[in-house]
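Mind the numbering: the sequence shown is residues 0 to 202 in numbering that gives the first Met the number 0, read in order.
FYI, nobody ran anything at the bench for these hints, they're computed from the structure.
The C-beta atom is built at its ideal place from N, Cα and C for all residues, glycine as well.
Some clues are possibly wrong.
What the hints assert, rightly or not - The calculated lysine to aspartate or glutamate pairs, modelled on DMTMM-like cross-linking and capped at a C-alpha distance of 25 Å, are:
no. : residue 1 : residue 2
1   : K120      : D39
2   : K31       : E135
3   : K31       : E152
4   : K199      : E167
What the hints assert, rightly or not - Here are the computed distance ranges between Cβ atoms for each label pair:
no. : residue 1 : residue 2 : range
5   : A90       : P157      : 32 to 42 Å
6   : N41       : P155      : 12 to 22 Å
7   : D114      : P61       : 12 to 22 Å
8   : G76       : M109      : 19 to 29 Å
9   : P157      : D127      : 31 to 41 Å
10  : P42       : P157      : 17 to 27 Å
11  : P110      : P130      : 17 to 27 Å
12  : A95       : E75       : 38 to 48 Å
13  : E101      : S62       : 43 to 53 Å
14  : G112      : S54       : 16 to 26 Å
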Amino acid sequence: MNYFKSIGIIAVSALLLGCSSADKGTVKGGLKVSSDIKLDGNPATVAGVTFRPPSVWKDLGPSGMRQADYMYGPAEGDSEAANMAVFYFGATSGGAVGSNIERWIGQMSMPDGSDPHKAAKTTDFSVDGMPAHLVELNGTYNMSMGGPMMGGETVPKPNYKMAAVVLETPQGNLFFKLTGPEKTADEMAEAFKAMIMDVKKSG
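Construct the entire structure; sequences and hints are all you get.
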């Protein structure tokens with residue numbers, strides 16, 4: 000068999016394997032989103048955008064700085080549920096994208112004492128024409144007793160996951176923050192990403 004023909008067959012085979020039916024996700028705007036997620040909960044509108052969570056999340060309702068608040072789990076083996084909260088501070092408040100990403104990374108620490116910046120995964124993408132920025136990180140979450148957007152005394156939560164998004168809406172930055180035990184948070188994060196990619200401008 001011709002050498003170049005053989006290489007071509009191998010390349011095509013590899014491509015087909017990479018797109019097999021086992022990969023049920025699709026890449027949208029830079030995020031891989033599972034096609035199995037059902038966003039069938041009650042829609043919520045904040046800062047001029049609407050999002051719809053899955054109905055399996057428990058809707059805790061708005062409270063304090065939280066414009067929306069949801070709980071999921073716990074998954075088998077975890078003792079606590081994961082939480083996803085939405086924050087909005089107005090058109091000119093809440094801080095810049097970079098400063099929020101830095102603050103979120105700073106809320107995590109690594110078991111081996113290494114720099115959490117090296118373990119953090121950041122992704123820039125777009126949603127309905129709006130810039131969005133995701134940071135994901137596993138480690139010890141130093142949970143603030145004053146709330147997830149505040150400083151002060153913290154309680155370490157080992158083996159936790161954080162997935163947080165800054166969405167640049169026409170009405171200012173909107174913040175989505177998910178935290179929880181790794182297994183539960185990993186499950187919630189799949190729906191979280193699908194929900195973010197489904198966000199639509201209102202009106």
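Run the structure past the numbered hints and jot down the numbers of the failing ones, going up.
-> 1, 3, 6, 7, 10, 11, 13 and 14
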